[in-house]
Every structure is written in C-alpha cells, then in structure tokens.
Amino acid sequence: MKCRKCGEAAVLELRRHNAAFCAPDFLEFFRNQVREAIRKYRMFTRDEPVLVAVSGGKDSLALWDVLIDEDYRTTGLYLDLGIYDYSVESKAKCETFAAAHGVPLIVVSVADAVGAPVPIIQSVTRRPPCSGCGLSKRYLMNRVALERGMPVVATGHNLDDEAATLFGSVLHWQMDALPRQSPALPSTHAKLVRRVKPLYRLSERETAAYAFLRRIDYILEECPFAKGATSITHKEILGRLEDVSPGAKHNFLFGFLEKARPAFERAGAVTLNECARCGQVTSGTVCAFCKLADQVKRRA
Amino acid sequence: MKVILRNPRREIEVAGGRRVKDVLRALDIVPETVLVIRGDDLITADQVVRDDDVIELRPVMSGGGA
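If you're matching them up, the sequences are chains A and B in order. The numbers in this note's numbering rise by one with no breaks, and the one at position 259 of the first sequence is 259. The numbers in this note's numbering rise by one with no breaks, and the one at position 17 of the second sequence is 17.
Since the hints were derived computationally from the structure, they do not count as laboratory data. Treat the hints with care, since some could be wrong.
Below, computed lysine-lysine pairings styled on DSS-like, alpha-carbon distance capped at 30 Å [stated by the list, open to error]:
{"no.": "1", "chain 1": "A", "residue 1": "LYS259", "chain 2": "A", "residue 2": "LYS297"}
{"no.": "2", "chain 1": "A", "residue 1": "LYS297", "chain 2": "A", "residue 2": "LYS227"}
{"no.": "3", "chain 1": "A", "residue 1": "LYS191", "chain 2": "A", "residue 2": "LYS297"}
{"no.": "4", "chain 1": "B", "residue 1": "LYS2", "chain 2": "A", "residue 2": "LYS259"}
{"no.": "5", "chain 1": "A", "residue 1": "LYS40", "chain 2": "A", "residue 2": "LYS259"}
{"no.": "6", "chain 1": "A", "residue 1": "LYS40", "chain 2": "B", "residue 2": "LYS21"}
{"no.": "7", "chain 1": "A", "residue 1": "LYS291", "chain 2": "A", "residue 2": "LYS191"}
{"no.": "8", "chain 1": "B", "residue 1": "LYS21", "chain 2": "B", "residue 2": "LYS2"}
{"no.": "9", "chain 1": "A", "residue 1": "LYS291", "chain 2": "A", "residue 2": "LYS227"}
{"no.": "10", "chain 1": "A", "residue 1": "LYS5", "chain 2": "B", "residue 2": "LYS21"}
{"no.": "11", "chain 1": "B", "residue 1": "LYS21", "chain 2": "A", "residue 2": "LYS191"}
{"no.": "12", "chain 1": "B", "residue 1": "LYS2", "chain 2": "A", "residue 2": "LYS2"}
{"no.": "13", "chain 1": "A", "residue 1": "LYS227", "chain 2": "A", "residue 2": "LYS40"}
Selected chain A positions facing chain B (in silico; Cβ < 7 Å) [unchecked claim]:
{"no.": "14", "residue": "MET1"}
{"no.": "15", "residue": "LYS5"}
{"no.": "16", "residue": "GLY7"}
{"no.": "17", "residue": "VAL11"}
{"no.": "18", "residue": "GLU13"}
{"no.": "19", "residue": "LEU14"}
{"no.": "20", "residue": "ALA100"}
{"no.": "21", "residue": "GLY115"}
Each residue gets a CB set at the ideal place from its N, CA and C atoms; glycine is no exception.
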C-alpha cells in the first residue's frame, strides 16, 4: 500500500477516506484535521489560555501534543479519580508528558472535591460508575477553568466517542442531550466556560496511530469501570457497521451536526440558574454535583 | 509467529506467511479496532508477516464516559 501524498510505503490505511499515508504525511493529515476543527468552530485563538483536560490516555495526550506544537497557550488539567492503580499510572503519564514538554499541569483530586473517590461514589449512589464520574469531571473542569481565568476547556473526545454518544441519545430520543452534542459548546452563562472537542473529526484509531507515531507514552490499560459500559457496546455496534460500510460513523455524526442539530437546538432552550449551594450553573435550584456530594456524605 | 494482544496482555502463536488481514480474520478481529505494530512501525493490512515476526495488535478503543 502506498501513501496517497508521496507514494512511499504507507503505515496506515484510512478506509473512510479511501486513503493510506506514510508516517510524516499521516501526522500532517492529523494536524490538518485539528486545525480545521478549531477554525470551523472558532474554538480558541492563540491569545487565549486553553485548559486541556488530560486523562493519560491516547486521545487527550495526542490533543495536548498537537496544541503545544501549534503554539497554543495550554495548561493541562488532570482529575485524579482515585481509581486504584489505574489512576496512579495515568497521573504519572500526564506528569511525565507535562515535564517533557515544559508545560504546566494542574492536578485536582475528585475525592477532595466530592468527598470520596470514584469507586466509593459508585458504591454509595445507584448511578452507573461512568455517570457519577462524568458528572464530577464536567463540573470540576468548568470550576477549575473559571477559578484560573481560562475561557475554554478542550477535551480529547474523538469521532468514535461522539458517534457513540449520539447513537445512545438517539436510541432514547434524549431531547435534552441532543442539542448539547456539539464539537463546541459556547458559554451561555457568565459562570460557564466554553467546551470544545478539537479531535471530533478524527477516529480513535487515528488518535492511537498519532500517539504511537509521536512516541507518546500513554496508558494502555482501560479504566476498570469501563468494562460493560453502555458507551462501549454502542462503539462496538458502530464499529461493526463501519467495517462493512466505511464512513458510516463519519456520516452519522457529521450529518447530525450539519442537518439535524439546529432543529433540536431550537426545541431545547433551557433557563440557567446559579446553584443555591455552590454558585455554579444549573437548570434547577441545587446542581447535580452538590446533590451527588450530599449523597456521598450521607452514605460514605 | 508471535502475536501480542492487550487487555489483558497475552501472547499467542499463529502461522505466518500470510497477510495481516488474513491473520486478523483468523483471530476474528475487526481491522479498524486495532493498530498493527511490528517493531517500531505500524504496518498496513496488506503486508505479509513471516513466521519469525512478532506483531502487537493494540486495541484503539477507549471506553466509559457518560
């Protein structure tokens, strides 16, 4: 197989693009996709400080690597979930990466913020583990960015993550989630920073290949709580569809973003208030994070 | 040839002298779900692997999330 750009031996085939690339041309393709995402959704400028949420996995470290290379003003944020050895190792990956690149990294412990680490949160609430964890992460990313005066948080969500989330939302016709699914969520309240996903155009195989070719040392083990997660089942289903119909995931996600999302957005306007307890933004009186923390305090 | 699999890490022996895509099919692995690594390089599914090769099939799926 030959590289589409230069004709040298290819290292990676991208069936959905009907193309194969050598390593240098693949890396350039990857960077171009990130540039296009940032440009199309005006995610951030080189003058703005960007908080990059990093987990130690391939996606978030690949994202951080590209943004550093592109001269953006980045600070990493690692949220320590307290998930046994998995958290110890993933934190070490982030610290090593930050030190090697000479970039700042903020570490925040979920146990300090919520009152207990993710395994305890999972056992004292009736939520699936990824639910309490995701809620805490979104809350803390926003709070840390606000406290540090950063207007935008970038996460490593890729095309597969986004397609799987969309698939789940469509299966249940979640009218509140559908308008919120976007590569860039604007700030709709003074206490909400922008959230952007510069890797939404790239599949997880492409982010894995980028991380490998850039020799990024990322955590290969999966979160022990991810096994059996619904989002993984949805990814597997979409993966089988992609295998027989290359481009299916891309068309599903991009078709939604371009054609369907505006209609859901019009239907889904909500009023935002400040939480009576912590002052962060909520559609209710007390935010979901404070309710979660209360539940943890009562039962942990 | 030796094939390294992940999560959990394990090694298996399979016959070489065929293309990567044939090895993947024999192991019932969807090509889009893995990177195929030989030494310090990625290789494409049309490449032929030999009996004395060692390849790693590294899953690309990251999971969880809400």
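Outcome of the hint check:
At roughly 44 Å between alpha-carbon atoms, LYS259(A) and LYS297(A) are farther apart than 30 Å, so this suggested pair is violated. Using a Cα cut-off of 30 Å, the hinted pair LYS297(A) and LYS227(A) holds, with the two alpha carbons roughly 27 Å apart. At most 30 Å may separate the alpha-carbon atoms for a hinted pair to count; LYS191(A) and LYS297(A) meet this at roughly 25 Å. The hinted pair formed by LYS2(B) and LYS259(A) fails the criterion: a straight-line CA distance of about 47 Å is larger than 30 Å.
Proximity of LYS40(A) to LYS259(A) is assessed by CA-CA distance (about 16 Å); at most 30 Å being required, the pair is judged to hold. Simply put, LYS40(A) and LYS21(B) have alpha-carbon atoms about 36 Å apart, too far for the 30 Å limit, and the pair is violated. In summary, the hint linking LYS291(A) to LYS191(A) is supported, as the alpha carbons are separated by about 19 Å, within the 30 Å threshold. Of the supplied pair hints, the one linking LYS21(B) and LYS2(B) holds, its CA atoms being roughly 15 Å apart against a limit of 30 Å.
Restraint check: the Cα-Cα separation between LYS291(A) and LYS227(A) comes to about 26 Å, which is no more than 30 Å; the hinted pair holds. This hinted pair checks out: LYS5(A) and LYS21(B) have alpha carbons roughly 23 Å apart, not beyond 30 Å. Proposed proximity of LYS21(B) and LYS191(A) is contradicted: the alpha carbons are some 51 Å apart, above 30 Å. Restraint check for LYS2(B) and LYS2(A): the C-alpha separation of about 26 Å stays at or below 30 Å, so the hint holds.
Between LYS227(A) and LYS40(A) the alpha-carbon distance is near 35 Å, which puts this suggested pair outside the 30 Å criterion. The interface hint given for MET1(A) is met, as the beta carbon of that residue sits about 4 Å from the closest beta carbon of chain B, less than 7 Å. A hinted interface residue such as LYS5(A) counts as satisfied when its beta carbon comes closer than 7 Å to some beta carbon of chain B; here the least separation is about 15 Å, so the hint is violated. A hinted interface residue such as GLY7(A) counts as satisfied when its beta carbon comes closer than 7 Å to some beta carbon of chain B; here the least separation is about 14 Å, so the hint is violated.
Because the smallest distance between the Cβ of VAL11(A) and any Cβ of chain B comes to about 4 Å, under 7 Å, the interface hint for this residue holds. Using the Cβ-Cβ criterion of 7 Å, the hint placing GLU13(A) at the interface with chain B is satisfied: the shortest such distance is roughly 5 Å. The beta carbon of LEU14(A) is not positioned within 7 Å of any beta carbon in chain B (closest approach about 10 Å), and the interface hint is therefore violated. A hinted interface residue such as ALA100(A) counts as satisfied when its beta carbon comes closer than 7 Å to some beta carbon of chain B; here the least separation is about 19 Å, so the hint is violated.
Evaluation of the GLY115(A) hint against chain B yields a violated restraint, the C-beta minimum of about 19 Å exceeding 7 Å.
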